[in-house]
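> So the protein lines, in turn, are chains A and B.
Counted from 1, the first sequence has number 11 at position 11 by our numbering; the numbering is strictly sequential.
Counted from 1, the second sequence has number 39 at position 39 by our numbering; the numbering is strictly sequential.
Worth flagging that the hints you see were computed from the coordinates, not collected in a lab.
Here a beta-carbon is modelled for each residue, glycine too, at the ideal position from N, C-alpha and C.
Take these hints with a grain of salt, some might be off.
[To be verified] Okay, derived cross-link-like pairs now, EDC-like style, lysine to aspartate or glutamate, Cα gap no bigger than 20 Å in a straight line:
1) Lys-3/B / Asp-24/A
2) Lys-57/B / Asp-24/A
3) Lys-59/B / Glu-101/A
4) Lys-11/A / Glu-101/A
5) Lys-55/B / Glu-101/A
6) Lys-11/A / Asp-24/A
7) Lys-17/B / Asp-67/B
8) Lys-63/B / Asp-57/A
9) Lys-57/B / Asp-57/A
10) Lys-17/B / Glu-5/B
[Claimed, not checked] If you anchor each label on the Cβ, the simulated ranges turn out as follows:
11) Thr-18/B / Thr-52/A: 41 to 47 Å
12) Thr-95/B / Ser-96/A: 25 to 31 Å
13) Ala-83/B / Ser-58/A: 22 to 28 Å
14) Leu-70/B / Gly-16/A: 23 to 29 Å
15) Glu-20/A / Thr-26/B: 31 to 37 Å
16) Gln-80/A / Asn-53/B: 40 to 46 Å
17) Arg-109/A / Asn-12/B: 23 to 29 Å
18) Glu-71/A / Asn-12/B: 30 to 36 Å
Each chain is listed here by its residues.
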Amino acid sequence: GAGVSQTPSNKVTEKGKYVELRCDPISGHTALYWYRQSLGQGPEFLIYFQGTGAADDSGLPNDRFFAVRPEGSVSTLKIQRTERGDSAVYLCASSSRRGTEAFFGQGTRLTVV
Amino acid sequence: SQKIEQNSEALNIQEGKTATLTCNYTNYSPAYLQWYRQDPGRGPVFLLLIRENEKEKRKERLKVTFDTTLKQSLFHITASQPADSATYLCALEQTGANNLFFGTGTRLTVIP
């Protein structure tokens, strides 16, 4: 695709439910990043993929959060037993290689009620 | 602990003046430092990248400096315009790693 695509753009879910957020990176980009951004804050790093593998998942806040990228392109961020504190904008970015710009999607706004 | 701090949460300047934004980092060894612009409701958009062995990089009205001794980057917008109003984020890519860590952001408002 022309850019990084994230779906859905908005998601409202009830506390305790499971959600999946999808990221479709730019074709050919091997690096993929997930971030979480709260209002007035910078993007908080969650996980970084190089190809199919999670090269760094140190930013995942707890074991309710999990992400996959099985074929090295599309990635899914999965959140189990959602809590109100999970409400934020979840951003995905991709880049072609080290030392180059990252391209961001528009984000998924997650609201847990 | 590792920190990336940007000088102030908000900066207001008069149109035509130069805006200077600061990014300070602690306990990182960046190979690259990047600056992004973010508008409300949108994802960050890349502006400039500077390498650890570069002191300065320019692009049109933008200038970035990188001082690895001071552990600081300065981002300048000359002849600022109201359209430059946005949040500006710095980000570090560490030596030997590919993950990208962001600072807290500075919200710039250029007053006509």
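> So, for every hint listed, does it hold in this structure?
Hint by hint, here is what the structure shows:
1. Only pairs whose Cα atoms come within 20 Å are accepted, and Lys-3/B paired with Asp-24/A is rejected, the gap being roughly 30 Å.
2. Distance restraint check for Lys-57/B and Asp-24/A: the Cα-Cα separation of roughly 31 Å exceeds the 20 Å cut-off, and the hinted pair is therefore not satisfied.
3. Taking the CA atoms of Lys-59/B and Glu-101/A, the gap is near 15 Å; set against the 20 Å cutoff, the hint holds.
4. Between Lys-11/A and Glu-101/A, the direct Cα distance comes to roughly 28 Å. Violation of the 20 Å bound is thereby established for this hinted pair.
5. Pair hint Lys-55/B plus Glu-101/A holds up; C-alpha atoms about 19 Å apart against a cutoff of 20 Å.
6. Distance hint between Lys-11/A and Asp-24/A is fulfilled; the C-alpha atoms sit about 17 Å from each other, no more than 20 Å.
7. Proposed proximity of Lys-17/B and Asp-67/B is contradicted: the alpha carbons are some 24 Å apart, above 20 Å.
8. Distance restraint check for Lys-63/B and Asp-57/A: the Cα-Cα separation of roughly 33 Å exceeds the 20 Å cut-off, and the hinted pair is therefore not satisfied.
9. In summary, the hint linking Lys-57/B to Asp-57/A is not supported, as the alpha carbons are separated by about 32 Å, beyond the 20 Å threshold.
10. A distance of roughly 24 Å separates the Cα atoms of Lys-17/B and Glu-5/B; the hinted pair therefore is violated under the 20 Å criterion.
11. With their beta carbons about 45 Å apart, Thr-18/B and Thr-52/A fall inside the hinted range of 41 to 47 Å.
12. Taking 25 to 31 Å as the suggested C-beta distance range, the pair Thr-95/B and Ser-96/A does not conform, at roughly 19 Å.
13. For Ala-83/B and Ser-58/A, the hinted distance range of 22 to 28 Å is not satisfied, since their beta carbons lie about 37 Å from each other.
14. Restraint check, Leu-70/B to Gly-16/A: a C-beta distance of roughly 48 Å breaks the suggested window 23 to 29 Å.
15. Against the hinted window of 31 to 37 Å, the Cβ-Cβ separation of Glu-20/A and Thr-26/B comes to about 35 Å, which satisfies the hint.
16. For Gln-80/A and Asn-53/B, the Cβ-Cβ distance of about 44 Å falls inside the hinted range of 40 to 46 Å, so the restraint holds.
17. About 28 Å separates the C-beta atoms of Arg-109/A and Asn-12/B, a value consistent with the hinted range of 23 to 29 Å.
18. A hinted range of 30 to 36 Å for the beta carbons of Glu-71/A and Asn-12/B is inconsistent with their spacing of about 47 Å.
In summary, the structure is inconsistent with hints 1, 2, 4, 7, 8, 9, 10, 12, 13, 14 and 18 from the numbered list given earlier, while agreeing with the others.
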